[in-house]
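Novice: Given next are the chains, with one letter for each unit.
Protein chains: 2
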Amino acid sequence: MSNALRLHRLPSPFRMHRGGELHEAVIAYETWGRLNAARDNAILILTGMSPGAHAAAHPDDPNPGWWDEIVGPGKAIDSSRWFIICVNSLGSCRGSTGPASVDPASGQPYRLQFPDLSLEDVALAAHQVALGLGIERLHALVGPSMGGMSALAYALNVASAAEHLLLVSTAPHSAPFSIAIRSLQRELIRSDPAWNGGDYQAGNWPTQGMTLARKLGMTTYRSAREWRQRFGRSRVADAERDPTPFAPEFSVESYLAYQASRFVNDFDPNCYLYLSRAMDWFDVADYGGSVAAGLARIQARSAMVIGVETDLLFPLEQQEEIAEGLRDGGIPTLFAALPSIQGHDAFLVDTPRFAKAIAGYLATT
Amino acid sequence: MSNALRLHRLPSPFRMHRGGELHEAVIAYETWGRLNAARDNAILILTGMSPGAHAAAHPDDPNPGWWDEIVGPGKAIDSSRWFIICVNSLGSCRGSTGPASVDPASGQPYRLQFPDLSLEDVALAAHQVALGLGIERLHALVGPSMGGMSALAYALNVASAAEHLLLVSTAPHSAPFSIAIRSLQRELIRSDPAWNGGDYQAGNWPTQGMTLARKLGMTTYRSAREWRQRFGRSRVADAERDPTPFAPEFSVESYLAYQASRFVNDFDPNCYLYLSRAMDWFDVADYGGSVAAGLARIQARSAMVIGVETDLLFPLEQQEEIAEGLRDGGIPTLFAALPSIQGHDAFLVDTPRFAKAIAGYLATT
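Sequence order for the protein chains is A and S. Note that our numbering has the first sequence beginning at 1, numbered continuously upward. Note that our numbering has the second sequence beginning at 1, numbered continuously upward.
Hints are not guaranteed to be accurate.
[What the hints assert, rightly or not] Selected chain S positions facing chain A (in silico; Cβ < 10 Å): (1) L156; (2) I189; (3) Q201; (4) A202; (5) N204; (6) R222; (7) S223; (8) R225; (9) W227; (10) S234; (11) A237; (12) D283.
[Stated by the list, open to error] Just the calculated beta-carbon pair ranges, DEER-fashion: (13) Q108/S <-> P104/A: 41 to 47 Å; (14) T244/S <-> R9/A: 30 to 36 Å; (15) S234/S <-> R39/A: 40 to 46 Å; (16) T244/S <-> G74/A: 36 to 42 Å; (17) P104/A <-> Q201/S: 36 to 42 Å; (18) Y258/S <-> P62/A: 20 to 26 Å.
Hints in this document: simulated from the structure, not taken from any laboratory. By construction, the Cβ of each residue, glycine as well, lies at the ideal position given by its N, Cα and C atoms.
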């Protein structure tokens with residue numbers, strides 16, 4: 001755990017949205033900048049599925065964060081102006097309580113005894129962090145990918161949660177294509193004998209299942225167009241080829257293997273299952289019977305919704321649906337459809353384009 | 001084996017494109033209609049990866065075929081006018097010799113001892129069937145999906161192979177996205193312990209790997225748009241739900257499970273691996289250094305290329321590339337971009353649209 005990470009103890013018990021409760025649960029978070037005296041300059045960032053709270057380099061932890069080019073002094077989300085908070089999601093494994101944490105009742109890891117996790121729980125746990133920091137109302141709530149769904153859950157469950165909403169490459173609910181991909185990822189993990197019904201042991205993780213799930217994820221995080229430019233039909237050098245029949249031969253295959261190897265021991269498999277399912281479950285339509293009715297319940301002074309033309313996993317029409325629904329509900333909403341070729345991951349890699357859009361929006365708030 | 005299936009014995013040895021040879025190999029095929037006296041009314045259909053030679057109902061086998069709404073008397077590929085041949089690909093398991101066949105040298109199934117399979121082998125074996133039927137030059141060569149790639153291989157390797165080419169939802173080579181998906185499918189099969197390096201036994205097939213590979217395939221055969229209309233966020237009825245944690249809950253998940261269950265014992269896993277890799281390997285650019293140079297070598301009096309806007313696996317730009325290359329090579333070429341929402345599988349299911357395009361083209365030939 002880095003020196004910049006702080007822990008906030010949740011109310012105990014913390015009641016979960018779909019039933020069950022947690023005791024002595026904590027949320028890990030980091031902050032950048034200073035909360036002003038009026039306590040009205042706070043921006044809370046909710047993350048995608050796998051990142052932790054370390055969104056950017058910090059005086060106490062100079063390692064680059066997952067959104068380092070967007071968050072920091074003088075950057076699009078400017079820590080010299082805003083008090084920025086980033087939380088590790090409830091249910092994750094980067095400091096917050098999740099299925100890999102020890103259940104104080106049993107002294108053993110929760111594993112599948114962790115209660116059903118929903119993005120409402122992620123949102124309300126993050127809200128407790130804001131309250132704990134003395135913030136009644138956020139200046140802005142920011143969420144890319146799953147974080148955008150959590151931000152919607154936050155805004156739907158906490159009246160006057162934030163003055164402004166910035167929703168990036170996200171959706172009002174998961175479309176069946178995304179559900180299919182995530183369901184298959186979960187099945188790949190569960191099909192690994194080492195998963196063992198969730199009772200895997202240290203040193204014997206379901207690494208094969210996690211590898212396959214990550215590779216599948218990677219096919220949906222970028223775009224066919226980017227890969228065509230980047231890899232084309234280039235081959236792995238003969239000297240580096242594994243001679244096993246059907247082993248990787250094209251560069252794109254070794255790229256997938258490399259990406260998976262970086263992830264596979266870095267994220268707890270049960271946490272992955274819980275967070276992945278929470279994304280499939282979340283639905284703005286649960287609030288009022290339709291996506292439009294749900295979005296119309298949200299209160300904010302303004303919103304911006306950003307999406308990318310090449311996003312397979314959270315297709316642009318879903319960001320458009322959010323923007324239209326917020327507008328129909330009376331919130332002045334900017335909608336930016338960016339021509340990035342990096343697909344869903346563009347917010348992490350096509351940062352000049354995103355920085356410009358985000359900085360431009362925050363300047364108006 | 002159905003009563004309509006015929007076997008053609010290949011020259012022995014049959015030398016393979018990438019080295020090695022087969023002895024006593026056969027190709028399974030079916031025919032519809034009659035070859036005329038001039039032997040100039042033959043249409044040869046090369047198939048996608050998994051279908052067999054039974055493209056349509058036949059007097060000796062009235063079961064519907066995989067392209068039943070396109071092939072038959074009075075249909076778009078009209079058996080009352082044309083002598084239609086459909087071959088089961090070399091390397092497949094539906095009557096033709098493949099990795100599941102017995103190697104006459106050992107008396108044991110080839111399994112991974114089968115020589116490397118390329119689409120050039122599929123094409124040249126099909127050409128032997130045409131020659132065996134007394135056909136020197138086809139009226140038309142037709143290929144959807146992998147069959148279109150095999151048809152390109154045919155036209156590139158047999159001078160004056162066919163008067164006309166009809167290429168459907170296919171590509172001059174596999175793009176990295178498609179390679180990634182297929183590589184992952186192959187890895188899913190190989191990762192199943194029951195695959196056992198290819199030496200699986202009857203009754204203990206790598207069904208888990210095949211199930212996962214088929215589910216992954218299904219996510220790329222249709223389109224997100226179709227699934228959104230068809231499934232939305234509908235759920236499996238409570239009474240039908242498996243109570244196991246993380247078991248299918250959304251209709252799209254049970255659809256994938258159903259589709260996989262229909263396929264998993266119906267196709268030999270090693271044949272799947274060989275044919276899948278052959279698709280990744282094939283490249284028109286191998287003929288002359290670039291796709292354009294390769295296409296410019298093809299001779300025909302006309303061509304039609306059909307594609308679908310929502311195809312993820314063989315994106316429309318690849319059909320456009322073929323059409324432009326054939327045109328640049330001097331072949332009058334029609335290009336039809338169909339607005340089907342069924343993605344890559346549209347040629348199998350949006351048949352009225354395809355029938356109209358195909359019938360219209362064949363009427364001009």
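Novice: Could you work out which of the previously given hints the structure breaks and list their numbers from low to high?
Specialist: Structure breaks hints 1, 3, 4, 5, 11, 13, 16, 17, 18.
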